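Kindly generate the complete structure, drawing on both the sequences and the hints.
Just so we're aligned, residue 1 is where the sequence shown starts under this note's numbering, counting upward by one.
Quick caveat, the hints were computed from the structure, so don't treat them as lab data.
Keep in mind the model is a prediction, meaning the values are calculated, not measured.
Treat the hints with care, as some may be off.
Derived pair list, reagent style DSS-like, types lysine-lysine, alpha-carbon separation capped at 27 Å [said to hold, decoys possible]: (1) 68 x 23; (2) 68 x 58; (3) 118 x 98; (4) 68 x 118; (5) 102 x 58; (6) 102 x 68; (7) 102 x 23; (8) 118 x 102; (9) 23 x 131.
What follows is a set of in silico ranges between Cβ atoms, one per label pair, in the way DEER data are often shown [unchecked claim]: (10) 92 x 140: 18 to 26 Å; (11) 126 x 104: 16 to 24 Å; (12) 137 x 75: 51 to 59 Å.
C-beta atoms are modelled at their ideal positions from N, C-alpha and C, and glycine is treated no differently.
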Amino acid sequence: MKSNDFDNIVCPVADVLGVIGDKWAGLILRDILLGASRFSELREASNITNATLTDRLKTLENNGLIEKHLYQTRPDRYEYRLTERGRDIAWVMLAMAKIGTKWNLSGWQNVPLRFVNKATGNAVRLVLQDKGTGEEVAMADVGAVRGEAAA
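See the structure below:
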């Protein structure tokens with residue numbers, strides 16, 4: 001499902017932004033990536049209101065980024081898991097964390113979020129790589145060209 005705001009824009013960036021929705025949905029995805037799965041955990045992680053969290057979870061589910069799974073009955077309680085599409089968002093989260101760490105807009109003293117290899121504990125990094133040569137490419141050397149579908 002796509003957001004109506006971007007229906008007339010033929011652009012993969014607009015498509016992803018339309019599916020994520022807004023900053024609260026982005027933070028919920030971040031928290032699920034970090035291991036939170038239950039409503040109470042997600043509420044506490046971002047200090048989001050119940051109404052906003054409920055709304056964003058429905059949007060993320062409708063857009064195919066998360067699935068809810070029943071873990072308790074009487075009352076029914078659900079946990080939320082990323083779908084394949086939701087796991088793809090990890091690339092976006094890593095990129096935003098890299099930029100956010102560089103900018104440090106909040107002025108924190110110690111890095112609040114790092115991504116690591118689960119097996120080794122070593123930090124991971126996003127890199128741009130030339131598909132033909134396998135060499136790393138600096139952002140300054142990356143260009144964009146219009147594809148066949150561009151208006």
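Checked hints:
1. A hinted pair counts as satisfied when its Cα atoms are at most 27 Å apart, and residue 68 with residue 23 qualifies at roughly 21 Å.
2. A hinted pair counts as satisfied when its Cα atoms are at most 27 Å apart, and residue 68 with residue 58 qualifies at roughly 10 Å.
3. At roughly 18 Å between alpha-carbon atoms, residue 118 and residue 98 fall within 27 Å of each other, so this suggested pair holds.
4. Distance hint between residue 68 and residue 118 is fulfilled; the C-alpha atoms sit about 25 Å from each other, no more than 27 Å.
5. Between residue 102 and residue 58 the alpha-carbon distance is near 33 Å, which puts this suggested pair outside the 27 Å criterion.
6. Proximity of residue 102 to residue 68 is assessed by CA-CA distance (about 34 Å); at most 27 Å being required, the pair is judged violated.
7. The straight-line distance between the Cα atoms of residue 102 and residue 23 is roughly 19 Å, inside the 27 Å bound, and the hint therefore holds.
8. For the hint linking residue 118 to residue 102, the alpha-carbon distance of about 23 Å falls within 27 Å, and the restraint holds.
9. A hinted pair counts as satisfied when its Cα atoms are at most 27 Å apart, and residue 23 with residue 131 does not qualify at roughly 32 Å.
10. The supplied range of 18 to 26 Å is met by residue 92 and residue 140, whose beta-carbon atoms lie about 21 Å from each other.
11. Residue 126 and residue 104 have their C-beta atoms about 18 Å apart, which keeps the hinted 16 to 24 Å range intact.
12. For residue 137 and residue 75, the Cβ-Cβ distance of about 52 Å falls inside the hinted range of 51 to 59 Å, so the restraint holds.
Checked against the numbered hints given earlier, the structure breaks hints 5, 6 and 9 and satisfies all the rest.
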